[in-house]
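Q: Residue numbers (my numbering), protein chains in the order written: chain A, 1 to 197; chain B, 1 to 197.
Calculated directly from the structure, the hints in this document are not laboratory data. No experiment lies behind these values; they were computed from the predicted model shown. Please note that the accuracy of each hint is not assured.
Same chains, same label: a pair holds when it works inside one copy or across any pair of copies.
[To be verified] Derived SDA-like pairs (lysine to any residue); straight-line CA-CA distance at most 20 Å:
(1) Lys193 to His70
(2) Lys126 to Arg94
(3) Lys193 to Glu117
(4) Lys193 to Leu60
Number of protein chains: 2
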Amino acid sequence: MSAHASAIPGYRYGDPSLPPSPLDAAGFAELRAACLLTDDDVAALREAAPIVEPQIEEILDTWYGFVGSHPFLLASFSTPAGPDTSYLGAVRARFGQWIRDTLRADFGPEWLAYQQEIGRRHASGKNETDAVAGAPEVVPFRFVVALIAPITLTMRPFLARGARDEQQLERMQAAWFKAVVCSVALWAAPYAKEGWW
Amino acid sequence: MSAHASAIPGYRYGDPSLPPSPLDAAGFAELRAACLLTDDDVAALREAAPIVEPQIEEILDTWYGFVGSHPFLLASFSTPAGPDTSYLGAVRARFGQWIRDTLRADFGPEWLAYQQEIGRRHASGKNETDAVAGAPEVVPFRFVVALIAPITLTMRPFLARGARDEQQLERMQAAWFKAVVCSVALWAAPYAKEGWW
Numbered sequence: 001m002s003a004h005a006s007a008i009p010g011y012r013y014g015d016p017s018l019p020p021s022p023l024d025a026a027g028f029a030e031l032r033a034a035c036l037l038t039d040d041d042v043a044a045l046r047e048a049a050p051i052v053e054p055q056i057e058e059i060l061d062t063w064y065g066f067v068g069s070h071p072f073l074l075a076s077f078s079t080p081a082g083p084d085t086s087y088l089g090a091v092r093a094r095f096g097q098w099i100r101d102t103l104r105a106d107f108g109p110e111w112l113a114y115q116q117e118i119g120r121r122h123a124s125g126k127n128e129t130d131a132v133a134g135a136p137e138v139v140p141f142r143f144v145v146a147l148i149a150p151i152t153l154t155m156r157p158f159l160a161r162g163a164r165d166e167q168q169l170e171r172m173q174a175a176w177f178k179a180v181v182c183s184v185a186l187w188a189a190p191y192a193k194e195g196w197w
Numbered sequence: 001m002s003a004h005a006s007a008i009p010g011y012r013y014g015d016p017s018l019p020p021s022p023l024d025a026a027g028f029a030e031l032r033a034a035c036l037l038t039d040d041d042v043a044a045l046r047e048a049a050p051i052v053e054p055q056i057e058e059i060l061d062t063w064y065g066f067v068g069s070h071p072f073l074l075a076s077f078s079t080p081a082g083p084d085t086s087y088l089g090a091v092r093a094r095f096g097q098w099i100r101d102t103l104r105a106d107f108g109p110e111w112l113a114y115q116q117e118i119g120r121r122h123a124s125g126k127n128e129t130d131a132v133a134g135a136p137e138v139v140p141f142r143f144v145v146a147l148i149a150p151i152t153l154t155m156r157p158f159l160a161r162g163a164r165d166e167q168q169l170e171r172m173q174a175a176w177f178k179a180v181v182c183s184v185a186l187w188a189a190p191y192a193k194e195g196w197w
């Protein structure tokens with residue numbers, strides 16, 4: 001967690017008071033294997049980090065443009081008064097940090113605990129972090145899964161700007177895809193019925 | 001549904017007695033948009049169909065090899081007596097048909113109803129279709145999400161064998177990815193807590 005990150009309201013990666021992930025190291029090793037997320041992918045994420053990080057605001061513009069152009073997605077950030085710009089802004093700061101954290105993840109217990117917290121914030125107590133009143137209580141889970149597609153595919157042109165060749169681009173793109181799938185698999189935990197996750 | 005397909009035990013795509021999907025056409029249009037699954041992607045799936053279909057047994061060999069080499073995945077097909085080969089075989093026939101159906105999907109109400117049924121069979125009543133006793137009652141949902149990665153990435157070399165150029169390969173691969181994500185988003189419905197899907 002960088003000094004910059006710690007200034008982001010509601011950001012709790014590394015907070016020792018977070019409950020632990022339901023997965024221990026052995027359980028997470030299984031999930032990583034199911035996602036094909038290898039050590040070489042982790043190396044590719046590290047290569048992607050300095051390429052992606054200077055473009056994070058532009059990436060967020062792309063993603064927020066996508067959300068903003070789809071009323072059923074924007075609804076999660078809206079109250080009866082319309083889209084809540086301060087809520088959108090607070091989430092945006094954490095979303096940008098999530099990109100950094102994913103590219104530099106050590107996939108250890110603190111990272112796992114924060115993935116559980118990210119999932120929880122989508123599933124229940126969604127608005128309490130940012131003290132929002134009147135927005136929907138839950139991000140519908142079908143959209144959380146669906147967004148694997150745009151979050152994966154829109155990264156490619158940003159990676160391409162810094163990739164040294166097609167082969168490195170493919171490696172970084174595949175690693176990003178696997179890390180996104182793995183993250184969403186973890187975020188699913190608070191949504192699933194007891195014992196079914 | 002082809003005559004061939006109707007001979008697959010437990011295969012119910014097109015069965016009018018299936019309950020309808022929780023999504024109507026408007027709701028599914030939203031989910032498709034969230035997955036970026038456009039009409040051009042549907043066209044690309046149709047182009048992929050004649051390339052992929054003659055290779056389905058080889059694709060299933062790849063996927064079953066992956067499942068079989070990971071005890072935590074094989075566990076879903078195992079009883080206290082070990083892996084249940086007739087269960088594995090029954091699911092395999094439907095899995096192959098799922099590839100055909102995804103490539104040729106009209107994404108209409110019958111297709112949607114059968115996605116709900118596929119989700120239900122992973123989440124509850126998992127073993128009843130094939131009258132299996134003693135296997136786990138549920139495929140853990142985290143692995144259903146995780147398998148988006150291998151099911152997507154392993155398709156590429158099979159598509160490459162029949163693609164006329166790199167551009168068509170990319171189109172077909174992206175369309176397959178989006179269709180898999182969309183399917184898993186639908187399969188999630190029976191796993192989610194009431195009202196959270």
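Q: Take the hints in turn and mark each one as holding or not.
A: So, going through the hints one by one against the coordinates:
no.: 1; hint: Lys193 to His70; result: neither (28 Å within a copy, 25 Å between copies)
no.: 2; hint: Lys126 to Arg94; result: within (14 Å within a copy, 38 Å between copies)
no.: 3; hint: Lys193 to Glu117; result: both (17 Å within a copy, 17 Å between copies)
no.: 4; hint: Lys193 to Leu60; result: neither (32 Å within a copy, 30 Å between copies)
Of the numbered hints listed earlier, those contradicted by the structure are 1 and 4.
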